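*Asks:* Chains as they are written, first to last, in the working numbering: chain A, 1 to 196; chain B, 1 to 411.
Since the hints were made in silico from the structure, they are not lab data.
Note that the structure is a prediction, hence the values are computed from the model and not measured.
One or more of the hints may lead you astray.
[Stated by the list, open to error] Pairwise CB distance ranges (calculated):
# : chain 1 : residue 1 : chain 2 : residue 2 : range
1 : A       : V89       : B       : G122      : 44 to 50 Å
2 : A       : F136      : B       : N293      : 53 to 59 Å
3 : B       : I330      : A       : P50       : 39 to 45 Å
4 : A       : P50       : B       : N73       : 23 to 29 Å
5 : A       : W94       : B       : L28       : 43 to 49 Å
[Stated by the list, open to error] Residues from chain A that face chain B, not an exhaustive set, calculated with beta carbons under 10 Å:
#  : residue
6  : A36
7  : H54
8  : G55
9  : F64
10 : T68
11 : F72
12 : G100
13 : K101
[To be verified] Some chain B residues flagged as far from chain A (calculated, every beta-carbon gap over 10 Å):
#  : residue
14 : I6
15 : K19
16 : G24
17 : L95
18 : I98
19 : D123
20 : P134
21 : A183
22 : L234
23 : N253
24 : N280
25 : E284
26 : L317
27 : K399
28 : H410
Beta carbons are placed, not taken as given, at the ideal position from N, Cα and C, and that holds for glycine.
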Amino acid sequence: MLKSLLDSLFGREKQRDRLFLGVFTDEDHVLDATKACRKAGFNFYDVFSPYAVHGLDRAMGLPFSKITYVTFLCGLMGTCIGFFGMGYVSWWDWPVNIGGKEPFPFSAFVPVMFELTVLIGGLCTMLGLFAFCRLFPGKKPRLFHPRVTDDRFVIAIEIDEDFDDARCREIFTTNHAEEMKEVAPDYDALSEGGAA
Amino acid sequence: MSAPVIDEPEKFAFPPLLKMASLGVFLLGMVVFGLSFIGGADLAFGGWAIASWYVLGFPLFAMFFLCINHLSNAGWHVTMKRVPEAWTRWFPVGLVTILIVTASFLWHDNQLYEWVHPHDHGDLHSELIAHKQPWMNPQFFYIRMAIYFVLWIAFAWMIVGQSRKQDVDGDVKHTLRGKALSAPFGIVFGLSVTFASMDYIMSVEPAWFSTMYGVYHFAGIIESGFAMLILVLLLLRRLGYYKTAVNENHFHNLGIWLLAAATFWAYIWFCQFMLIWYSNIPEETGHFLARWNTPWFWVTFIVNPVLNWALVFLLLLPRPNKRNTKVLAIAAVFALLGRFVDIWQFVSPRPHANAEGVPVPHYMPWETFWQVFIVVGMIGGFLFVTLWALEKAPLLAKKDPYFDESVHHHL
Numbered sequence: 001m002l003k004s005l006l007d008s009l010f011g012r013e014k015q016r017d018r019l020f021l022g023v024f025t026d027e028d029h030v031l032d033a034t035k036a037c038r039k040a041g042f043n044f045y046d047v048f049s050p051y052a053v054h055g056l057d058r059a060m061g062l063p064f065s066k067i068t069y070v071t072f073l074c075g076l077m078g079t080c081i082g083f084f085g086m087g088y089v090s091w092w093d094w095p096v097n098i099g100g101k102e103p104f105p106f107s108a109f110v111p112v113m114f115e116l117t118v119l120i121g122g123l124c125t126m127l128g129l130f131a132f133c134r135l136f137p138g139k140k141p142r143l144f145h146p147r148v149t150d151d152r153f154v155i156a157i158e159i160d161e162d163f164d165d166a167r168c169r170e171i172f173t174t175n176h177a178e179e180m181k182e183v184a185p186d187y188d189a190l191s192e193g194g195a196a
Numbered sequence: 001m002s003a004p005v006i007d008e009p010e011k012f013a014f015p016p017l018l019k020m021a022s023l024g025v026f027l028l029g030m031v032v033f034g035l036s037f038i039g040g041a042d043l044a045f046g047g048w049a050i051a052s053w054y055v056l057g058f059p060l061f062a063m064f065f066l067c068i069n070h071l072s073n074a075g076w077h078v079t080m081k082r083v084p085e086a087w088t089r090w091f092p093v094g095l096v097t098i099l100i101v102t103a104s105f106l107w108h109d110n111q112l113y114e115w116v117h118p119h120d121h122g123d124l125h126s127e128l129i130a131h132k133q134p135w136m137n138p139q140f141f142y143i144r145m146a147i148y149f150v151l152w153i154a155f156a157w158m159i160v161g162q163s164r165k166q167d168v169d170g171d172v173k174h175t176l177r178g179k180a181l182s183a184p185f186g187i188v189f190g191l192s193v194t195f196a197s198m199d200y201i202m203s204v205e206p207a208w209f210s211t212m213y214g215v216y217h218f219a220g221i222i223e224s225g226f227a228m229l230i231l232v233l234l235l236l237r238r239l240g241y242y243k244t245a246v247n248e249n250h251f252h253n254l255g256i257w258l259l260a261a262a263t264f265w266a267y268i269w270f271c272q273f274m275l276i277w278y279s280n281i282p283e284e285t286g287h288f289l290a291r292w293n294t295p296w297f298w299v300t301f302i303v304n305p306v307l308n309w310a311l312v313f314l315l316l317l318p319r320p321n322k323r324n325t326k327v328l329a330i331a332a333v334f335a336l337l338g339r340f341v342d343i344w345q346f347v348s349p350r351p352h353a354n355a356e357g358v359p360v361p362h363y364m365p366w367e368t369f370w371q372v373f374i375v376v377g378m379i380g381g382f383l384f385v386t387l388w389a390l391e392k393a394p395l396l397a398k399k400d401p402y403f404d405e406s407v408h409h410h411l
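All chains, full assembly: derive it from the sequences and hints.
*Replies:* Now the structure itself:
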């Protein structure tokens, strides 16, 4: 149910086409192969790596992350909750006189507003990231190579009308691909019993 | 990774037009300083104290920048490091500018540094100043000044000297020695900036104190320093230098630093005010009372945080803006104006008690805003000295072990 809710919010996960996989052993090779694939006009399903590879997002041509808007708006929401919450409890609902300060002690609200900005902004960034990546409790892992979380990199290209099998094999081979194969859309290396 | 191809001038040649312009701006500042004696030595030396402390922040920032990058093993700054290295040559000139501030000690009716010629009015204020005499007296003031400048000049000479020696032999040991010198300088920097800011600026209100003063000025120095570094690098690029060696990735990093420094400044600015507002101790609140119930409110509580923080923060928050040199330059100008407002609102309102014993400021904003022209003149002198110093060494430290990393810096 959670998955269908996320799908309706952030768009359905792409699962239409058969995929063509290239497995690489080196960060520089996968980066070069990604650039070459983008130049050749192939559509990426995704590129998988065990760690963040610098410049990979740009090599794939991914758009600028929208997570910053989530952070900014939720941070702003935190500021407002801090301001109106403090205003309500210490001025509107029951005016509190602390040390003879003015009736609406804005200066005393600022630390609370600041902390709530950071707290709510930070938590919502994390939750927003999970939503964008469709990570939720009970999600089944799906790996394209048993060692893609360890020391292998996988480029998954969608086999659609733009796909040119020979050209793709050529790009992967010149960039030292360790392995190449065509797989079904719901392929999972773990369920196929790949040795880990 | 291929070897970096840098096809650009390796030596900086100070264009004669710029030389004349910076010298001209400096002389105009001197004229404003001279004319300001018409309003009284008090106003003139006040403006000079603002300007000398403002510009002394740049070489202090340069030393901080070089040392923090040494200590954190950073390499991205190496292509541009000649600029902060040249800035450290301002220290001897800065010593002269501070000595000119102390010329105000000769005026017996001068109110800038009240503790130099304390008058006993038989009130608590006079008693407090008398109590602080062991620290606040001209002799000890000069001794402390000598200590700060000897330490600053000595460390600048040693750390920049290692970088110069590396230009000759390319030995990695100079980087390691620079790093070994940076660690003790971190301690020296923290203590000397704290005490120097108390000596030169906080002591214009000798009865007042703030325990956050040192870190407050540290934040201001770092923010204005990054703003100035961005503007000087853009000027050098416009003159045809650093075309590829200092690119949008380096400016992005400087933009991140400026954003962080502005936010840190705002944090400290608010902390200083809030601690004093909350504890409400008469000794401390006089400073803010003279700025709260008077027209200075608009300067201290509106213009100051808006220029130093709000505008810089909102301009530099989106990533593309930090890579856009035009937006970055606008934010840097706001930060530099903000630094003037920040020091100005410390020095010029100098509160004194009125007949009812309520603190009121000596001068109003419209009586003293022209002191900004003395600061502009001093910046002209600073550019003249440091660009002249920049000619003395190659612009690119090609034998630095981090040079390649810096050329390929990528964000």
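*Asks:* Please write out, lowest number first, the hints stated earlier that are contradicted by the structure.
*Replies:* 5, 6, 24, 26 and 28
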